[in-house]
Structure formats: C-alpha cells, structure tokens
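Number of protein chains: 2
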Amino acid sequence: MRVLPFLGSFVALIIGATSILAEEAAVVHDAEYYILEAQNGKVWEVEDGELDKKLAELKEKYGTTPNLIHLMWDDQPFGAVGIPAMQQLRGFETPNLNQMASEGLLFTRMYTEPSCTPTRAAAWTGQYAIRSGMYSVGFPVEYEGFAAENITIAEVLSDAGYSTGFFGKLHLGDIEETYPHNQGYDEAFTALYNQAVSLWNTHAEAANAVVGLKSELLAENRYQKDETFVRDGYVFYIEGEKGGPTREWCGIEAECYRKFDIEARDRTFDFITRNAEAGKPFYAAWWPLWTSFLPEAPKETLQRGLVAESYHKYLDPDVGQLMALLHDLGIAENTLVIAMSDNGPMTHNPPAGAGLGEGPFRGGKGDYLEGGVRVSAQAWWPGMIEGGRIAGDIVHVTDLFTTFARLAGALDHIPTDRVIDGVDQTSLLLNGDGFSRRDNVMIYSGPVLGASVKDHYKTHWLSSSTQALGGLTSVYDLYNDHREENPIVVGGFHFKEPFRRMRARHEMWIQKYPHIPRAHGPAYGGIENARPETVALSEAPEALKNLPFGMLDYIEQLPNLPFDPSGDVGIGGN
Amino acid sequence: MRVLPFLGSFVALIIGATSILAEEAAVVHDAEYYILEAQNGKVWEVEDGELDKKLAELKEKYGTTPNLIHLMWDDQPFGAVGIPAMQQLRGFETPNLNQMASEGLLFTRMYTEPSCTPTRAAAWTGQYAIRSGMYSVGFPVEYEGFAAENITIAEVLSDAGYSTGFFGKLHLGDIEETYPHNQGYDEAFTALYNQAVSLWNTHAEAANAVVGLKSELLAENRYQKDETFVRDGYVFYIEGEKGGPTREWCGIEAECYRKFDIEARDRTFDFITRNAEAGKPFYAAWWPLWTSFLPEAPKETLQRGLVAESYHKYLDPDVGQLMALLHDLGIAENTLVIAMSDNGPMTHNPPAGAGLGEGPFRGGKGDYLEGGVRVSAQAWWPGMIEGGRIAGDIVHVTDLFTTFARLAGALDHIPTDRVIDGVDQTSLLLNGDGFSRRDNVMIYSGPVLGASVKDHYKTHWLSSSTQALGGLTSVYDLYNDHREENPIVVGGFHFKEPFRRMRARHEMWIQKYPHIPRAHGPAYGGIENARPETVALSEAPEALKNLPFGMLDYIEQLPNLPFDPSGDVGIGGN
Chain A
1 MRVLPFLGSF VALIIGATSI LAEEAAVVHD AEYYILEAQN GKVWEVEDGE
51 LDKKLAELKE KYGTTPNLIH LMWDDQPFGA VGIPAMQQLR GFETPNLNQM
101 ASEGLLFTRM YTEPSCTPTR AAAWTGQYAI RSGMYSVGFP VEYEGFAAEN
151 ITIAEVLSDA GYSTGFFGKL HLGDIEETYP HNQGYDEAFT ALYNQAVSLW
201 NTHAEAANAV VGLKSELLAE NRYQKDETFV RDGYVFYIEG EKGGPTREWC
251 GIEAECYRKF DIEARDRTFD FITRNAEAGK PFYAAWWPLW TSFLPEAPKE
301 TLQRGLVAES YHKYLDPDVG QLMALLHDLG IAENTLVIAM SDNGPMTHNP
351 PAGAGLGEGP FRGGKGDYLE GGVRVSAQAW WPGMIEGGRI AGDIVHVTDL
401 FTTFARLAGA LDHIPTDRVI DGVDQTSLLL NGDGFSRRDN VMIYSGPVLG
451 ASVKDHYKTH WLSSSTQALG GLTSVYDLYN DHREENPIVV GGFHFKEPFR
501 RMRARHEMWI QKYPHIPRAH GPAYGGIENA RPETVALSEA PEALKNLPFG
551 MLDYIEQLPN LPFDPSGDVG IGGN
Chain B
1 MRVLPFLGSF VALIIGATSI LAEEAAVVHD AEYYILEAQN GKVWEVEDGE
51 LDKKLAELKE KYGTTPNLIH LMWDDQPFGA VGIPAMQQLR GFETPNLNQM
101 ASEGLLFTRM YTEPSCTPTR AAAWTGQYAI RSGMYSVGFP VEYEGFAAEN
151 ITIAEVLSDA GYSTGFFGKL HLGDIEETYP HNQGYDEAFT ALYNQAVSLW
201 NTHAEAANAV VGLKSELLAE NRYQKDETFV RDGYVFYIEG EKGGPTREWC
251 GIEAECYRKF DIEARDRTFD FITRNAEAGK PFYAAWWPLW TSFLPEAPKE
301 TLQRGLVAES YHKYLDPDVG QLMALLHDLG IAENTLVIAM SDNGPMTHNP
351 PAGAGLGEGP FRGGKGDYLE GGVRVSAQAW WPGMIEGGRI AGDIVHVTDL
401 FTTFARLAGA LDHIPTDRVI DGVDQTSLLL NGDGFSRRDN VMIYSGPVLG
451 ASVKDHYKTH WLSSSTQALG GLTSVYDLYN DHREENPIVV GGFHFKEPFR
501 RMRARHEMWI QKYPHIPRAH GPAYGGIENA RPETVALSEA PEALKNLPFG
551 MLDYIEQLPN LPFDPSGDVG IGGN
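Chains as they are written, first to last, in the UniProt record's numbering: chain A, 1 to 574; chain B, 1 to 574.
Treat the hints with care, as some may be off.
If chains are identical, the list can't say which one is meant, so a pair holds when it fits in one copy or spans any two.
Stated by the list, open to error - For lysine-lysine, the following DSS-like pairs were computed, each having C-alpha atoms within a straight-line distance of at most 25 Å:
#, residue 1, residue 2
1, Lys454, Lys299
2, Lys545, Lys280
3, Lys496, Lys299
Everything labelled a hint here was simulated from the structure, so no lab data went into it.
It should be emphasised that the depicted structure is a prediction, and the values quoted were computed from it without experimental measurement.
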C-alpha cells in the first residue's frame with residue numbers, strides 16, 4: 001500500500017509525490033524480458049498501435065476504460081474446468097464455467113506460484129512472491145504478513161480512477177497493514193486464511209478431529225504441561241473500507257464459514273451493480289473460499305469429492321449469474337473477466353474426502369512441477385475476445401497486474417523502483433494464440449528457485465538428479481514428457497549453459513532490486529470489535545505474566561522455512 | 001472366415017446351412033450383459049423402437065443401410081486428437097481430426113485391448129482377443145495367426161450384402177487363412193506386421209541399427225555358430241480378392257514402406273467411390289501404418305516426435321480428404337465413420353525419437369492400466385450424430401462389431417455358438433452421453449485377466465498389492481484417481497466380493513463357450529509371386545538338410561507367453 005492509515009497525511013504526501021515523479025520512468029521488467037524485447041520489440045510496437053486503437057474505440061463506445069474482474073479459486077488442476085472432455089474423465093461438472101470458456105479464451109499454459117499465499121501475493125504485486133517475501137502459506141496466528149511497502153494492483157488502478165473491491169480469501173497474513181482495505185481497495189470483505197478453517201471449528205472437529213485445535217473435544221492429555229501453546233482468539237473474517245475502521249465479521253463457527261462465500265458473492269455483485277450504474281470503471285478481486293471440508297450429502301457430481309462438489313454446487317452457478325448480470329447491466333462487452341485456479345490440486349495429504357487428485361501433470365500444490373503451477377484458466381470478454389479460442393502460450397499470474405494496468409490506462413502508476421515480473425498480455429487476449437510476450441517462468445519452491453521454464457523446456461534446479469549429475473542435466477521437454485519423468489540428459493546437454501545464464505540474469509536483477517521482506521507486528525491490529533481473547537493474542541496470557549521477554553519481542557525473528565536454502569528442500573509443499 | 005478356399009464348396013455348403021439354422025438363435029453375450037439387460041432391457045426396447053424408426057427413415061432416403069468406415073491408427077493416447085486444449089499440451093496438431101470430432105461424438109472412455117494384435121482381433125470378431133487366441137503381438141516369421149473358425153465383421157456384413165474392403169495394417173499372423181481376403185473381405189491390401197518393419201530394412205538399419213536384423217550392416221561376429229537363426233524371406237505387404245490369388249506387393253525396402261500408406265489410402269477412397277457410385281452399401285476397414293521410425297526432417301509440429309509428425313503430415317490431411325469425399329459423393333449423411341487409436345502410446349522402450357509419452361493416464365501400450373487401453377476415439381455421421389457431443393460412457397472396441405451389424409441389418413448373421421463381447425451401441429451413437437449399454441470391461445494382459453472395470457471403479461487382478469493384501473483390495477476410483485496410483489483399500493472393501501462374482505460369471509461363460517486357439521501352418525502360404533527365399537522359410541535351410549525333425553513339425557508347439565499364467569506377469573507389455 002502507498003498510505004498507511006496510522007502514518008497520517010504527511011507521509012502520504014511524500015509518497016504521493018515520489019509516485020508522481022516516477023511516472024516518467026519506465027517499468028522495470030525481469031531480465032529475461034529484455035532478451036525478448038530486443039528480438040520482438042518492433043513487432044510488439046506495431047501490435048500495440050493496433051490494440052490502442054481498438055481499446056480507444058471501446059472507450060469511445062462505453063465512456064470508460066474496461067472493467068476488470070479477477071475470479072480466482074483454489075487448488076484445481078489444468079482441465080478441471082473449461083474443457084468438457086477433460087473434466088469428464090475426472091467427473092467434474094461446471095457447465096457455466098465451460099460456457100464461459102467456450103465463449104472466450106482458454107489458457108493451456110497459465111502458470112501460478114505453487115500455493116495460495118504466493119499466488120495471491122503475485123497477483124497483487126505483479127511480482128514473483130519471493131519479491132514480497134510471501135512465498136509460503138501461513139496459518140493462524142501469524143503476527144506477520146504482506147508489507148506496506150508493496151504496491152498492489154488496487155493502488156495502481158485506484159490511482160487511475162477505478163473503484164476497487166476485494167471479496168473473498170486473502171491468505172497474506174494477519175497484521176493490520178495486510179488488510180485489503182489498507183492495501184488500496186475501496187472496500188473489502190476478507191477471509192484471512194484458507195479452507196482449513198472449515199476443519200477448525202467445533203462442528204467440523206466433532207466430525208473429523210484426530211489432532212484437534214478444539215482441545216475440549218479430545219480426551220484429557222495427562223502429559224500436557226503448557227496450555228498456552230495454541231490459543232483461542234483468532235479472527236477469520238474481516239470487513240472494512242479504505243481509510244475506515246476494520247470489523248470482525250460473524251465469528252469462527254461453521255455457520256459463518258458457510259455464509260461467508262454467499263456474502264462475498266452478494267457483495268461482489270452489489271459492487272459491480274453500483275459502479276455500473278454510476279458509470280465508473282471498476283476492478284473486483286472475487287476470490288471465493290467455497291470448499292468446505294465438512295462431509296456433505298447428497299453428492300451431485302460424478303466426482304463426489306468435496307472440492308468438485310463445492311464448485312459444482314456454488315461457484316459454477318454463481319459464474320452463470322455473473323455473466324447474466326454483466327449482460328443485464330449492459331457492460332459485458334466492456335468487462336474483462338479472468339477466471340482461474342490459484343495453484344494445482346492439493347495432492348499431498350489432502351483432507352479426507354476432498355477428491356484432490358492429480359490433473360494431467362505430475363505433482364500438485366506445493367510442487368515446482370507442472371502439477372503445482374499449471375492451472376485451469378480462462379478469459380471472457382464478449383466482443384473483444386473471440387469465442388472458442390485456445391492459447392498454448394505461456395502466461396503467468398503476474399501478467400494480470402500489468403495487463404490490467406495497460407487496459408485501465410494505468411501503466412504510469414506502476415512503481416518503477418522494483419522489478420515487475422508481469423508482462424502486458426493484452427495482445428494475447430485480443431489476438432489469441434501465439435501472441436504472448438513471455439516465454440519463460442521462474443518457479444520458486446518457498447524461498448529457493450525450484451525450476452525454470454523456457455519455451456517448452458523446463459529444468460529442475462532442486463532435483464536429486466541435478467545434484468547427482470554434477471550440474472544442470474535435469475531438462476525436460478514438456479511436449480514429449482509433460483509429466484517431467486524422464487530428463488533428456490544427453491539430448492539436453494546444450495540447454496545447460498543457456499539455462500544457467502538465464503538464472504544468472506534473474507539473480508543479478510535481484511541484487512539490483514532487492515526483495516521486500518514480510519512485515520511483522522501484532523496480529524489482528526485495528527479491529528474495532530475485537531473480542532477480548534483476540535486482543536489478548538498480542539500479549540502474554542495470564543498464566544505467563546512473569547516471562548523475561550515480551551510477547552511481541554520475538555515476532556521479528558519468526559523463522560523462514562526452509563532454514564537452509566542451500567540444502568535439499570525436496571519438492572514438498574509450503 | 002466361414003469358407004476356407006482350399007476346402008472347396010462341399011464344406012462351404014454345410015457351414016452355410018449351419019449359419020442359416022443359427023439365425024433363429026440369439027446372440028450370446030458375455031455374462032455381465034445379462035445383469036444389465038435384466039435391469040435396463042425394457043428401456044432399451046423402447047429406445048430400439050425409436051432407433052429402428054430413425055434408421056428406416058434414413059434407408060428410405062438413401063436406398064441402402066448406412067456405409068461403415070472404421071479408421072484405426074496406432075498407439076495414440078486419449079486426448080492426442082479431437083480435444084484441442086488437450087492435444088496442445090502435448091504439441092499434437094490434427095486440425096482435420098479435431099474438426100471431425102467437433103462435428104461428431106467424442107468418446108472419453110473408449111477401451112481397446114492393450115496392444116495392436118488383440119485390438120485388431122477384437123474389432124474383427126466382436127470378442128475379447130483372448131477368445132481367438134490373438135492376445136499378443138507377433139513378429140516375422142510367426143507360422144501362426146487368426147484361425148479360420150473365427151467369424152469376422154467382414155463375413156457378417158458380406159452376408160448382409162455389403163461390399164467389404166480392408167486397407168492397411170493387420171498384424172494378426174502370417175498364415176494363409178489369416179489374410180483379410182480369406183476372412184470375408186471382398187478386397188484387401190494388407191501390411192502383415194507393424195511399424196517395426198520401418199526399422200528392418202537396410203535404409204533404416206544403416207541409420208539406427210544397434211542390434212540389427214540385416215547382419216550385413218554389422219561387424220562380423222566371430223562367436224556366431226548358427227547362420228539360420230534369423231532368415232530372410234519375410235513378406236510385409238500382400239494384396240488379394242475374395243476367392244482369388246494372393247500376391248506380395250512391392251517388397252521389403254524403405255520405399256515400399258513409405259508408399260504403402262499412400263496406396264492404402266488411394267485404394268480406400270477408390271473403394272468408397274466405386275461402391276457409392278454403384279449404390280451398394282460398404283464397409284471399409286482403413287487401418288493405416290503411417291508412422292515411420294526413420295528420422296525425418298523438417299519437423300512441422302510442436303511435438304516433433306515421429307508419431308505426431310506422421311499423423312500431422314499424412315493421416316490428418318487424409319481425414320480431411322475423406323470427409324470431403326463423402327460429402328462430394330453425397331453419402332456423408334448415410335456413412336458412419338469411427339476414427340480411433342488401437343491402444344495407448346508405446347511408453348515402454350519406444351524407438352528413438354518416437355515421442356510416445358504417456359497421456360493423462362498411467363502406463364501405455366501393453367499395460368492393463370488406463371494408459372494402455374483408453375484411447376482417442378470419435379464418431380462422425382452428419383445428420384445422424386449431433387455435432388459437439390461428448391460421451392463419458394464406457395464403450396469397447398468390440399462394440400463396433402455388434403453396432404455395425406445392427407446398423408447394417410445383419411444381426412442375424414452374427415454367429416450364436418460363441419460369446420460376442422461387443423454390445424450394440426447404436427443408442428449411444430444417436431442419443432449421446434449416458435446411452436451406453438455397457439458398464440464394464442475385462443482387460444486381459446496377454447492370456448491372463450489383468451484388470452476389470454465396472455462403472456468408474458477398476459480392480460487390478462495382477463498387481464503385487466492384490467497378492468500382498470490377500471485378496472481383492474486393489475480397487476481404484478477412476479474419477480478421483482484416474483492414474484490408478486492409490487487403491488481405495490478400506491473404502492473399497494465392499495467392492496471385493498462383487499468384483500470376484502463378476503469375474504466368476506465371466507469365467508463360467510468361458511467354460512461354456514471355449515476359446516478358439518490360434519491356428520498354425522506354413523508362413524506366407526498361397527502367395528502367387530512368392531520369392532524363393534519366402535518359399536524356403538517353411539522348409540529347413542540348405543545347411544540343415546539332415547535334421548531329425550521337419551521344419552513345420554514343431555510349429556504347433558509354438559509357446560504362449562507367459563508360460564505360467566498363474567505366476568506374476570507384472571504389468572509389462574505383450
């Protein structure tokens with residue numbers, strides 16, 4: 001965010017001024033982009049001229065730059081939605097999402113980060129999550145989160161006159177500066193964590209608990225010596241407006257979890273309707289939780305897993321309603337909808353009954369394998385995106401940041417003091433297959449580079465064979481081995497040095513533009529209606545009155561995982 | 001075949017008479033069918049009435065029952081053609097096959113046998129290949145093959161007045177009674193073996209040989225004591241007409257291999273044109289070889305593998321021509337085209353550069369896993385099959401036999417003295433998703449039952465865990481684990497006995513209707529223009545004049561593999 005509420009208007013003025021001066025400077029891309037620009041820049045320039053003309057005609061017709069809706073859900077593999085023949089072999093059923101795909105552009109190589117937190121950070125900043133320190137998943141209570149120094153897409157679009165709304169799951173920490181309404185969103189209705197909270201209430205734990213956060217449901221543990229190790233008081237849902245107070249919403253029980261997504265959807269639709277009627281361009285991040293890990297009957301899909309059921313029963317009909325709403329409001333042709341999963345399926349130790357099996361790729365959530373980072377994704381924009389199209393180009397979740405800014409006429413509001421990994425993919429959206437401005441992806445495994453993709457080749461930096469063969473021989477041809485099972489060792493020798501140089505350029509740029517670390521502080525700061533036990537979370541509990549250190553003293557020392565980034569961290573998930 | 005050329009007209013008369021008597025009897029299905037019929041028979045009866053009406057209207061319009069074209073190629077996984085988004089992630093490019101799929105019905109659960117020979121036998125007889133003994137792949141010289149006692153689809157359709165033509169790869173042995181024109185086809189242009197022959201000529205071996213059939217290309221082997229172990233003289237391509245002589249075509253060198261498929265296509269198109277112009281209904285089996293394992297440049301697909309290249313450069317444009325031809329001849333709406341792969345990709349030890357990686361399923365050619373037996377398949381019949389449809393139903397390659405017979409009005413010509421595994425899938429074709437009359441498949445691994453599928457559950461009979469857990473606990477849920485990696489052990493306990501009973505019914509029926517074993521005899525019998533070295537293959541070579549046994553004496557003893565069907569034969573290929 002640019003303006004911290006508690007820093008006051010003086011700082012806001014200074015940062016605001018810096019921002020204005022920066023408008024003259026150019027966006028800083030990751031190093032690899034310049035290699036592509038040097039070879040394709042002239043073609044891109046001609047394309048951009050034509051695209052600008054097309055966008056100007058649209059603006060002439062509708063009076064505003066286009067509205068932007070980013071719908072993002074959890075943990076679904078490539079092919080789970082949008083490709084009827086492919087989803088059928090898994091038993092998924094999402095007729096509305098399929099219709100949306102058939103009316104728009106389906107991506108077959110949309111890359112994300114390997115898990116929720118990093119993907120959401122990447123979408124917010126247009127940067128690989130490593131650059132904002134948000135590379136691993138947190139759970140309550142974190143005492144840390146997404147830092148104020150980051151500039152979000154909401155701030156960029158706000159600066160360009162957009163209304164901005166956040167509705168759904170964030171998962172970027174639990175400190176005050178992290179809240180969406182403190183990070184540029186005009187209004188926000190936020191779940192601070194993920195679906196695990198559906199297992200962390202008395203209703204769920206009574207049904208499923210083996211370990212159990214709710215110790216009152218378990219037998220007495222006669223060996224227990226510390227009753228403060230895990231404390232109550234965490235907050236799941238908050239709401240607020242830019243510059244205004246923060247309030248906890250509903251509570252932590254099962255009925256709140258079930259009501260949250262319905263409320264988030266209603267607020268999204270209300271936000272869209274209000275802005276459409278006011279003739280104001282808007283940007284909505286609608287990132288529902290939907291999945292509940294509580295057993296639910298009857299089952300309605302062939303798949304029967306809790307995840308597929310949720311998306312069939314709740315998300316998919318809502319997508320149908322969304323399309324109808326945009327048509328009814330007369331803004332469908334001036335609204336870009338991006339609908340996508342935030343990472344691959346949770347194949348490693350999923351909750352019982354989730355039904356989170358692999359897609360066509362090897363691995364899942366947490367892995368740097370394609371199964372972790374290559375997701376269901378599609379774009380819908382009637383009249384602007386031709387229906388029935390498929391793009392085999394590489395595109396990355398960070399590209400949405402830059403593309404949204406371009407479409408909103410907000411490129412000048414992108415900060416120029418940091419690397420922006422996202423590239424403008426307007427040409428891909430409007431011209432289709434073959435028009436991506438990206439041919440590479442860096443895939444981080446926590447804080448360590450796990451793999452790199454260039455074109456249809458991919459190298460694993462962390463695999464045991466990389467080490468054993470004394471260098472970079474773990475190159476995979478994703479067309480001929482999309483499951484990354486058989487490295488093309490001899491056939492791939494000539495890729496070794498090019499991949500090393502690509503990584504070297506990327507890391508040189510990190511030295512020049514250092515990462516912004518996670519911020520730390522009291523959890524759930526600034527919540528107006530905070531419960532006493534929530535307030536108490538940032539102080540030592542009654543029982544620990546005479547500790548030789550304060551509750552918040554060691555928060556800054558919260559460890560990063562893995563502790564030793566040079567060691568073998570495997571392909572397991574964060 | 002019903003009539004062996006060398007048995008003369010007396011036997012033909014007797015067999016013919018038997019056939020007429022048999023018309024009153026009903027087709028014998030595999031046991032499982034009766035379980036389904038008992039529960040669904042009344043619904044099927046009503047459906048059949050409506051289907052008959054629809055087919056009668058078509059016959060009224062075109063004057064004949066519909067033409068039938070079965071296009072079948074080698075070794076492509078589910079999704080390699082027909083599903084643009086899915087083929088893109090492998091780099092396959094087949095615009096014509098995709099168009100055909102989008103205008104027709106795409107199958108997502110077409111099952112075949114695990115390799116070429118058994119699938120082709122199954123298509124010919126409407127029976128699992130185990131019933132004709134053709135359960136494993138042969139290579140030259142075999143001295144055995146598909147027996148005369150079998151009744152092929154060509155015989156059934158000939159009896160109903162169809163013209164029948166065979167054009168392409170057979171792979172059902174090399175004895176005289178095996179030849180398609182001796183098995184009911186009016187005309188046949190036949191490759192007796194598979195694509196391996198593209199590695200078995202001097203051109204190919206000079207490029208690739210390590211082992212080498214052409215010993216003249218290799219260094220002298222000073223340990224060699226037997227020069228007759230592998231002999232020249234094998235025949236790859238033959239041609240003939242029903243009741244007429246057999247001739248070898250072209251020869252065994254690389255240019256013959258390259259010319260064969262073009263000639264087969266031209267003969268197919270000529271056959272179609274001749275019969276259309278004569279107003280005679282026809283059945284064409286067009287089973288091209290296409291793939292050559294010789295390196296070929298330039299590469300035109302993203303995939304670059306030899307298999308994908310071949311289908312892009314040769315097969316796919318031919319499919320475009322086929323559709324155009326049928327439209328031009330005015331018979332498109334009276335012609336059903338089935339286009340499909342014969343088994344999964346050859347993932348185990350493929351030739352260099354083949355590009356035969358897994359599809360979405362685990363395993364490939366030879367495996368009883370879905371990767372071995374679940375293939376790309378689609379049906380096209382403008383005006384009768386509605387475009388853009390997808391069927392998630394189970395369908396098996398044997399079903400084509402019975403469905404073709406139904407459509408041709410030839411059900412009465414199906415023999416009733418044996419089990420016919422194929423079920424009539426006319427309802428599935430014309431009514432679409434959900435209308436299959438099959439919910440199960442038996443998957444043989446060579447002569448041993450490897451796995452059984454019922455609905456979306458599958459059990460592995462041969463896996464090590466089946467043995468280790470003392471019974472049938474290897475049940476997989478194909479929606480939630482389409483790669484068959486995590487058996488639902490406890491969750492699958494209640495499937496154990498139902499699956500065992502299903503197998504018991506199937507095996508009881510085998511006792512009642514025994515298999516027809518492979519036939520044995522001189523290789524390449526009856527070839528009019530046989531080369532001297534070909535003729536010599538059925539005699540001892542000059543050097544072995546004084547052997548204590550004749551060359552053909554031990555042919556009847558040719559071993560079946562695996563030798564011990566009760567042992568652990570693993571999941572490897574035939």
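Checked hints:
With identical chains, the CA atoms of lysine 454 and lysine 299 are at most 25 Å apart between copies only, with a shortest distance of 20 Å across copies and 42 Å within one. Taking the shortest alpha-carbon separations for lysine 545 and lysine 280, neither the intra-copy value of 54 Å nor the inter-copy value of 98 Å comes in at or below 25 Å. For a Cα distance limit of 25 Å, the shortest separation of lysine 496 from lysine 299 across copies, 23 Å, qualifies, whereas the shortest one inside one copy, 50 Å, does not.
Hint compliance for this structure: hint 2 alone is broken.
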